[in-house]
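Please build the complex by placing chain D on the supplied structure of chain U, with the hints as guidance.
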Amino acid sequence: MKIDIILAGVGGQGILTIAAAIGTAAVNKGLYLKQAEVHGMSQRGGDVQSNLRISDKPIHSDLIAKGGADMILSVEPMESLRYLPFLKKGGYLITSTKPFINIPNYPELEYLMKEIKAMDHHVAIDADQIAKDEVGSARASNIVMLGAASPFLKMEMSELEDALKELFGRKGEEVVEMNIKALRAGRKMAEK
Amino acid sequence: MQKLLLLGDEAIAQGAIDGGMSGCYAYPGTPSTEIMEYVQHSKEAAEKYLHRQWSANEKTATESAIGMSYAGKRAMVCMKHVGVNVAADAFVNAAVTGVNGGLVILAADDPSMHSSQNEQDSRFYGDFSLIPILEPATQQEAYDMAYSAFELSEKLNAPVLLRITTRLAHSRSGVERKTSQPELKGALPKDPRQFILLPSIARENYKKLLEMQPVMENASDESDFNRYEEGIDKKLGIVACGIAYNYVMENYPNGCPYDVVKVSQYPLPRKKIEKLKANCDELLILEEGQPLFERLIRGFFDEGKPIHGRLNGALPRDGELNPELVAHALGIEIEEGKPIPEMLAGRPPALCPGCSHRDVYNALAVALEPYGDGRVFSDIGCYTLGALAPFNAINSCVDMGASITMAIGAADAGLVPAVSMIGDSTFIHSGMTGLLDAVIKDSPIVVIISDNSTTGMTGGQKSHAEGRLFDIVKGLGVPEAHIRAMNPLKKHHETNVQIMKEELEHKGISVIIPQRECIQTAARKNRAKHKAKKK
Chain U
5 MKIDIILAGV GGQGILTIAA AIGTAAVNKG LYLKQAEVHG MSQRGGDVQS
55 NLRISDKPIH SDLIAKGGAD MILSVEPMES LRYLPFLKKG GYLITSTKPF
105 INIPNYPELE YLMKEIKAMD HHVAIDADQI AKDEVGSARA SNIVMLGAAS
155 PFLKMEMSEL EDALKELFGR KGEEVVEMNI KALRAGRKMA EK
Chain D
109 MQKLLLLGDE AIAQGAIDGG MSGCYAYPGT PSTEIMEYVQ HSKEAAEKYL
159 HRQWSANEKT ATESAIGMSY AGKRAMVCMK HVGVNVAADA FVNAAVTGVN
209 GGLVILAADD PSMHSSQNEQ DSRFYGDFSL IPILEPATQQ EAYDMAYSAF
259 ELSEKLNAPV LLRITTRLAH SRSGVERKTS QPELKGALPK DPRQFILLPS
309 IARENYKKLL EMQPVMENAS DESDFNRYEE GIDKKLGIVA CGIAYNYVME
359 NYPNGCPYDV VKVSQYPLPR KKIEKLKANC DELLILEEGQ PLFERLIRGF
409 FDEGKPIHGR LNGALPRDGE LNPELVAHAL GIEIEEGKPI PEMLAGRPPA
459 LCPGCSHRDV YNALAVALEP YGDGRVFSDI GCYTLGALAP FNAINSCVDM
509 GASITMAIGA ADAGLVPAVS MIGDSTFIHS GMTGLLDAVI KDSPIVVIIS
559 DNSTTGMTGG QKSHAEGRLF DIVKGLGVPE AHIRAMNPLK KHHETNVQIM
609 KEELEHKGIS VIIPQRECIQ TAARKNRAKH KAKKK
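Those sequence lines, one after another, are chains U and D.
Sequential numbering from 5 applies to the first sequence in the working numbering.
Sequential numbering from 109 applies to the second sequence in the working numbering.
If you are wondering where the hints come from, they were derived from the structure by calculation, not from laboratory data.
Heads up, the beta-carbon is just placed ideally off N, CA and C, and yes, glycines get one too.
No false leads were mixed into what you were given.
Heads up, simulated DSSO-like pairs for lysine-lysine below, C-alpha to C-alpha not over 30 Å straight-line:
{"#": "1", "chain 1": "D", "residue 1": "343", "chain 2": "U", "residue 2": "70"}
{"#": "2", "chain 1": "D", "residue 1": "383", "chain 2": "D", "residue 2": "263"}
{"#": "3", "chain 1": "D", "residue 1": "599", "chain 2": "D", "residue 2": "582"}
{"#": "4", "chain 1": "D", "residue 1": "111", "chain 2": "U", "residue 2": "175"}
{"#": "5", "chain 1": "D", "residue 1": "641", "chain 2": "U", "residue 2": "169"}
{"#": "6", "chain 1": "D", "residue 1": "446", "chain 2": "U", "residue 2": "118"}
Among the chain D residues that face chain U by a calculated CB cut under 7 Å, a handful are:
{"#": "7", "residue": "279"}
{"#": "8", "residue": "354"}
{"#": "9", "residue": "355"}
{"#": "10", "residue": "357"}
{"#": "11", "residue": "443"}
{"#": "12", "residue": "444"}
{"#": "13", "residue": "453"}
{"#": "14", "residue": "457"}
Quick list of the computed label-pair ranges, beta carbon to beta carbon:
{"#": "15", "chain 1": "D", "residue 1": "321", "chain 2": "U", "residue 2": "161", "range": "58 to 66 Å"}
{"#": "16", "chain 1": "D", "residue 1": "588", "chain 2": "U", "residue 2": "112", "range": "52 to 60 Å"}
{"#": "17", "chain 1": "U", "residue 1": "106", "chain 2": "D", "residue 2": "378", "range": "48 to 56 Å"}
{"#": "18", "chain 1": "D", "residue 1": "497", "chain 2": "U", "residue 2": "141", "range": "31 to 39 Å"}
{"#": "19", "chain 1": "D", "residue 1": "362", "chain 2": "U", "residue 2": "33", "range": "22 to 30 Å"}
Just chain U, same shape as in the assembly (with noise of 0.2 Å):
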C-alpha cells in the first residue's frame, strides 16, 4: 500500500489539519508516513502546499516527485490546478469549488472550473456551502474535502473518525461531533 498526496491551499485554510488527520491515522495503522510542510514566510496569505506520503514500506523522500502524487487534495479551486505537474497520470484532483480571492488578478472562476473539469478524474465540491448546511459553520470545510477525498485514501471511515476524535478531542466532544459530521457530509457528496 502506497499513497502520495499533495495537500493544496492558502495560508489559514486548515491543510495542515487534513495532513495531520490523514497521517494520526496512518500512524495508528502501522503505517510509515512522511509530511513535508511549508512554514515561514511563505505562510502569510500566500500559497501553501504540503506533501503527504503514506506506504506499507519505508519511505525516502520528504518530496514527492513531479508525475508521483496519486491524488491532489486541495480546499481551494486556483490552487488546486497549480501542482497538476506532480500529478499522476490517471490521479484524483478534489478541490473545493469556493474560491478564496486576496489578490487582484484572480482568474475568471468559470475557466478554473473547465481546467478541472477536464480532468479524467475529478471532484470538485462547494465545500463551504455544505460545511454551513451540515454543520453550521465553514470553518469545517477542510474535514469536509477530507471527507470528499476519503473513498479514495484506502482507509476505513472508521479509521478516519478515530483519528478526528484523538485530533479535536482535547477541545471537547462538540468540535468533535462537528468534524465528524463535516466528514461524513463530505463523503456523501463525493458518492454521488
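Below, chain D alone, put in the same frame as chain U:
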C-alpha cells in the same frame, strides 16, 4: 520504545533533551524556529528546568552556549543559516577554545530561499573551523545525531555543527526514542586557561585542533551515519550527502544498482570515498546546498575520473535538490503530469489585513511625498513585505539591523532625509549598536521602530523589546524631543503623517515608535486566554 511523529526540527529538540542537554539557546529564524519552540513546550524540559529562553540574537545565544559548555554542561544553540553569520565570531573561536561540556551548534539552511535572503551552505563554516559536521538524512537520524552529538563533541574536544535544510526541518516522520541520558553535573575545565584565547594560548589550542583532524576523519570513517553500499553496476559511484541520499533511493525502489557512499558525518570519510573512486568508472556528487565537497573531490585541475555534480551542469548550480533533479542526473526519465494552466495567478505572501505595518506604510507614503522615492531602508521581518504591491514602500532589505546603518551611509552620501524601517525584535537583535552610531554623528535619519511587540514572521515569539523600547532609545542618547510615539490605526492617519513630516524635517537623528500588537499574536493570546477560562 515509543514512536513519535516529529518534524525534523522537533526530532532534534527531543534528541537533545534525551541526550542530556542542560540548555537550549536560540534566536527565531525559519527553518530552525521549531526546535526551541519544541523545547519550550516540552514537559520533560520544564521538569528538568532546562534553559529554554530566546536570546537577543544568534551571537549572544552562541556565547551563552559556550559559557554553559565552559561550566561543564551540555548546550545546544540553534539558528538559521544567515544567523550563523551573526554568530560567526563566537562560532569560529569556539573551535579554538574547544569544549568542556558538549557543545552542539545547529544550523538550518534554506536552499531555494523559501524564507531567506541567500542560500549559503553552513557546512563551509564547519569545514574552515575544522570541526565535525553532522548532516542527517532522516528525522530518525536527526534525533539520533542530536542525542549523540554532545558525546562526540566531548570526545573530540570541539563543537559539533549539526546541519539540516528546510525539507528535513519541516517534514514530519516517525521517530523512535532512546533512553534519556542524565545531565552532566558541571565542572570547571581541567585546564583553567583553555578558554583564554590570548595569542600564546590560542596558538597552542589551534595546534591541538589541527592534531585532532586525523582523529575526526577517522571518526567519520567509523561512524554509523556514513555507509558504503555496494551495487552491481560499477559504471557510476555516488556520493550522497544528507537528504540527497533519500532522492537517490527514491529513484530506485528495487535498490540502487550503483555503489553509494551515504555521507552524514564530515570531514569526508576518506577511506570510503577512496574505495568508491577505485571501484567505479565515474562519480556523481549529490549535495543539498553548495558544491563544497564536490569541489574538494574534483580538485582544482579536475584531472581524475569524470565527476558529475553541480559544477559540471549535471545538477543546477543553485536551489535545493528534489527527486526529479536527481533522477535527471542519474539519467532516469520522469513522466511529469499536465502543465500548470497559463491563467494561474501567483499568490505572493502579503501583510495581514489589519496589520499595524500597513498603517505605518500608508502614513509614510504621504509624509515622504515631497522628498521623492528611493530613501527607505528596511530590514528583516514581516514589514519587508512592504516591498510588494500595493505599498512598494521600501528600497532595501539586506541583513538584520542594516536598515539603520544603511540609512546612515546613504545620508553620509547626501541622501537626506533617509528613513529606516525596522521591527522591534530586529531592533533588539542588531539595531541598537547602529542607532548608537547614528546618535554619535547625529545623522539626519528617521528610524521607525515599527513595534508589533512580537517576532512576527517566525510565528510570534516573545520580543525582548517589549516595554523597553523608549528606555533603550533614550538610553542610547536620542534626544527626548525626537523620540515620538505613534498609534498605527487608520483613524490616526492624519496625526501620524504629521509626526513623520515633523521628524523628516529635523536635521538630526529621530526615532518614531508606532506601537500596536501583531494581530496574529494578539489573536493567539486571546485564544489561549479563552482556553484557560474554559478549564
